[in-house]
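Novice: Dock chain L against the given chain X, drawing on the hints supplied.
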Amino acid sequence: MPELTTEVERLSLVIEIGGMPVRVNTTDPGFVTMLQDRYAGYVLEANASEPGNAEIEFDVDLVVPTGGPDEDVRVTRSPDCWTVTRGDFHAEWSPSTRRGRIRQSANPYSIDAVLRIAHTLVLARQGGFLMHSASAIRNGRAFLFSGVSGAGKTTISRLAPPDATLLTDEISYVRKRGDGYVAYGTPFTGELAKIGENVSAPLATLYLLAKGPENRIDEVAPGEAARSVLANMLFFAEDEELVQATFHSAFEFASRVPVRRLTFVPDVRVWEMIR
Amino acid sequence: MSRIYLARNPKVAARSIDGEMMIMSGRDSTLFTLNRTATILWQAADGATPLDEIVDHRICVEFEVERGEALQDAESLARELASHEILQISEQPIAASSTATPAAGSR
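Sequence lines, in order, name chains X and L.
Everything in the first sequence is counted per this note's numbering, starting at 1087 for the first residue and increasing by one.
Everything in the second sequence is counted per this note's numbering, starting at 25 for the first residue and increasing by one.
Any given hint could turn out to be false.
The following residues of chain X were derived to be distant from chain L, with all beta-carbon distances above 10 Å [as the list claims (entries may be wrong)]: (1) L1097; (2) S1098; (3) D1158; (4) T1183; (5) R1185; (6) T1251; (7) V1285; (8) T1291; (9) A1312; (10) E1327.
Estimated spans, in silico, between C-beta atoms of each pair [as the list claims (entries may be wrong)]: (11) R1211/X <-> E109/L: 22 to 28 Å; (12) V85/L <-> E1277/X: 51 to 57 Å; (13) R1302/X <-> F87/L: 20 to 26 Å; (14) C1167/X <-> T57/L: 31 to 37 Å; (15) E90/L <-> E1277/X: 55 to 61 Å; (16) P1299/X <-> S114/L: 36 to 42 Å; (17) T57/L <-> E1327/X: 20 to 26 Å; (18) P74/L <-> G1226/X: 53 to 59 Å; (19) E109/L <-> E1358/X: 44 to 50 Å.
Hints listed in this document are in silico derivations from the structure and should not be mistaken for laboratory results.
We treat Cβ as the ideally placed atom computed from N, Cα and C, and that holds for glycine.
So here's chain X without its partners, still in its complex pose (with noise of 0.2 Å):
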């Protein structure tokens, strides 16, 4: 009698991203060898890591989506399930047993919203966050650069200076140690398209940034800097509880890294200030 099934070979990559691992599963090599180009520097060999130990295990069913990745990407959470659906892809997982599941195309862009966003959630329980911001590096301590868009994130990214490592052009990653707070190089890019480097350090300054007519640092009042680190916060679940840890993580972190106003004209001179 001939075989009716076929055994498919599981395939798996581990994305550690800010120290938090992440296993990917999947039965398509191709989609591997996308997402191992993808997060160069943050892929470890799946061996390297046992399954128990990533923070979510993903199983990826490659399918054909029913929409965009322009449509409005929805966050929820059932007693032990979070959900969070866009165009394209659907992708569920259960906190307590940390599995669950990706159907998406097979594209890296679908998956990259996912972990963005898997990462803030975990963070949140955490007293850590992902912000808008470039990060970067110098003597051995970690600056942030936040603003929105067209504030100079991309441009203070191009003008660092050979020692300065960069962390991210455009998202952040932030997670409390101690007293204090360690910045961590992060995959997510922004208009320099290029992946930072996989490495941390203890977090000194929050800079905000603004262009003008000289370089400049001023203090920034207690209130507008928990304001300002909340409003460059990437938050995404309709969630209370969250939302009320997100909060207070925004206040916590304005109460111990300064927060200052970087005005600055765009050349390599405002990295004298940095340091």
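Specialist: For chain L alone, coordinates are given in the frame of chain X:
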């Protein structure tokens, strides 16, 4: 005239920083920065103290304002805060278990 009781909505997050009271809605993440009068109402909204007593003991003491006018303004402000689901309003005392703590942390 019936009395009005105020209680803090436990579903909002509140924080005082450098004298500024900030409130975030747990429902839609809207951030509110309260002015001084709204901050007094928030802090005094324990579900048990009627609004007229808050006006007598807190608002009229802090601001040189005529009581009737202060009460009218305070009620208007309380209803506005309730419309944003920051405060709960009732003509009966509100159980303590359904109120939030006044504020956490400050710098």
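Novice: Which hints, by number, does the structure contradict?
Specialist: The structure breaks hints 9, 10, 13 and 16; every other hint is satisfied.
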